[in-house]
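Engineer: Hey, can you work out the whole structure from these sequences and the hints?
Line by line, the protein sequences give chains A and B.
The numbering used here numbers the first residue of the first sequence as 1 and each following residue consecutively.
The numbering used here numbers the first residue of the second sequence as 1 and each following residue consecutively.
Check before you lean on any hint, since a few could be wrong.
Below, computed lysine-lysine pairings styled on DSSO-like, alpha-carbon distance capped at 30 Å [claimed, not checked]: (1) A:Lys275 <-> B:Lys128; (2) B:Lys176 <-> A:Lys142; (3) A:Lys48 <-> A:Lys58.
Everything labelled a hint here was simulated from the structure, so no lab data went into it.
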Amino acid sequence: MKNENSRRSFIKNISLATFSALALSGCNTKAFDDFLQQNFKTLSKKEKDIIIKNLGIKYKEKYGKEFHISDKPAIDGTLFGYALDLSRCVGCRRCVYACVKENNQSREPQIHWIEVLQMEKERGIDFAHSTAQYNPEKVPEKGYFYVPVQCQQCKNPPCVKVCPVKATWQEPDGITVIDYNWCIGCRYCMAACPYGARHFNWGEPSVPVEELNTEVHYLGNRPRMKGVVEKCTFCIQRTREGKYPACVEICPVGARKFGNLLDPDSEIRYILENKRVLILKQELNTQPKFYYFFGI
Amino acid sequence: MKDNFKENIKVSVILTALYLVLLSGCKNKVSDTIELNKVNTENEVSIGTTQTNDYAVEAPPFSDGIFPCTDCHKNLIPNPVRRVLVDWHDDISAMFNHDSENRWCLDCHDLKNRDSLRLASGKLLDFKESYKLCGQCHGEKYRDWKVGVHGQRTGNWNGKKEYFLCVNCHNPHSPKFRELTPEPPPIMQEDIK
Numbered sequence: 001m002k003n004e005n006s007r008r009s010f011i012k013n014i015s016l017a018t019f020s021a022l023a024l025s026g027c028n029t030k031a032f033d034d035f036l037q038q039n040f041k042t043l044s045k046k047e048k049d050i051i052i053k054n055l056g057i058k059y060k061e062k063y064g065k066e067f068h069i070s071d072k073p074a075i076d077g078t079l080f081g082y083a084l085d086l087s088r089c090v091g092c093r094r095c096v097y098a099c100v101k102e103n104n105q106s107r108e109p110q111i112h113w114i115e116v117l118q119m120e121k122e123r124g125i126d127f128a129h130s131t132a133q134y135n136p137e138k139v140p141e142k143g144y145f146y147v148p149v150q151c152q153q154c155k156n157p158p159c160v161k162v163c164p165v166k167a168t169w170q171e172p173d174g175i176t177v178i179d180y181n182w183c184i185g186c187r188y189c190m191a192a193c194p195y196g197a198r199h200f201n202w203g204e205p206s207v208p209v210e211e212l213n214t215e216v217h218y219l220g221n222r223p224r225m226k227g228v229v230e231k232c233t234f235c236i237q238r239t240r241e242g243k244y245p246a247c248v249e250i251c252p253v254g255a256r257k258f259g260n261l262l263d264p265d266s267e268i269r270y271i272l273e274n275k276r277v278l279i280l281k282q283e284l285n286t287q288p289k290f291y292y293f294f295g296i
Numbered sequence: 001m002k003d004n005f006k007e008n009i010k011v012s013v014i015l016t017a018l019y020l021v022l023l024s025g026c027k028n029k030v031s032d033t034i035e036l037n038k039v040n041t042e043n044e045v046s047i048g049t050t051q052t053n054d055y056a057v058e059a060p061p062f063s064d065g066i067f068p069c070t071d072c073h074k075n076l077i078p079n080p081v082r083r084v085l086v087d088w089h090d091d092i093s094a095m096f097n098h099d100s101e102n103r104w105c106l107d108c109h110d111l112k113n114r115d116s117l118r119l120a121s122g123k124l125l126d127f128k129e130s131y132k133l134c135g136q137c138h139g140e141k142y143r144d145w146k147v148g149v150h151g152q153r154t155g156n157w158n159g160k161k162e163y164f165l166c167v168n169c170h171n172p173h174s175p176k177f178r179e180l181t182p183e184p185p186p187i188m189q190e191d192i193k
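Structural biologist: Here is the structure:
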């Protein structure tokens, strides 16, 4: 009995000693802190502040730039919705690259949160016969229309359901976010998403330092690491500050609309009430908050 | 028998305590949600009233040196006869494609007040209000534009917004959108190394 106890205490002591040695050695405390960091949802305000402060220091060391990292929570009484006018979109892909820039997406290997699909007018919405690779001199091409697809911010998101570690969840304002530090990179969510909206960092993401957007949100466009999943967050760093998403502002034909679904005077509500609206893959009951409409 | 009785009392006391704890827990939850709802409705009201009916607009996109029109026109004798312009504004004549069969300059520009636009009713209109002129014919678009569905807005989704005028995107003399050069397509899967 006594022997067993002493063995147990020996193990206890030796592990304690190792931990404290690691902690005291100083060189690696940050990596250690990172390792022990809990799921963002479970953190207190104080813990979040410390983590964000350390992250700022880390980015400063890595990129030589001062980052403004926000963890602003959802604004009460908001539920974000998006509408896209299929009769206007010309497939110019301005949105794709505005998004890449705003959200610090990796250039090499390339990640695009928005994919613009070209579809034949004769076939209608038909994913099997669509392509994202169209590359003519000028758009729109005769006989085709364009369907940009990004995260549909489902009310019933299958990606959230399948995450084995709860690293992705739906915020009160309807944005599905990812805690990149908690993501284990299993990519179940990518398999579950019927819109191909989630993207995986197969390699170390690279963004030219001069093109880095330093206005970031912890759950959004902060620089990511290798081995985590990312996706559109309706520009959480902009929309929670009252701004429009970057893709809305860049669209040269004004096809993209954004607003608060709970505000009866918003343009998004006007569209839902007055235009003919469709959602993609309705039969899957994902209930997207991303609506396509025909505005003409 | 006595022991049993004691046991029973013990059990029931524990059960009641548990029940009370559960009940109070539930109560707390209910009151929490009610409070949350209150906050929500208050905020909704304030958000709902941010929309106003006056339109902050971008400045009209004049070509360099073309405005005010009176700079040149004050010395010219107005000629109301419909014709193709050759000496001046020939560039506009060349591109003019806006119901050109039935319309010409003086259907929108005023003969006497050169720095004004003119509605069909004869009412003069500042260039900053040109959307009203467009809205005479394109009523449906005008209606959608006013609520922010046609065209583009900048600013805040929950606050002050600025509108692009019709003429910030459409050339009033040739309003159809020109074709655009697309940005490069994404890398093909087979090209990823």
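Engineer: Each hint needs a verdict: does it hold in this structure or not?
Structural biologist: Here is what the structure says about each hint:
1. A:Lys275 <-> B:Lys128: Holds. Lys275 of chain A to Lys128 of chain B sits at ~29 Å (cutoff 30 Å).
2. B:Lys176 <-> A:Lys142: holds, 15 Å
3. A:Lys48 <-> A:Lys58: Given that 30 Å is the threshold and the Cα spacing comes to 15 Å, the pair holds.
The structure fails none of the hints (numbered hints given earlier).
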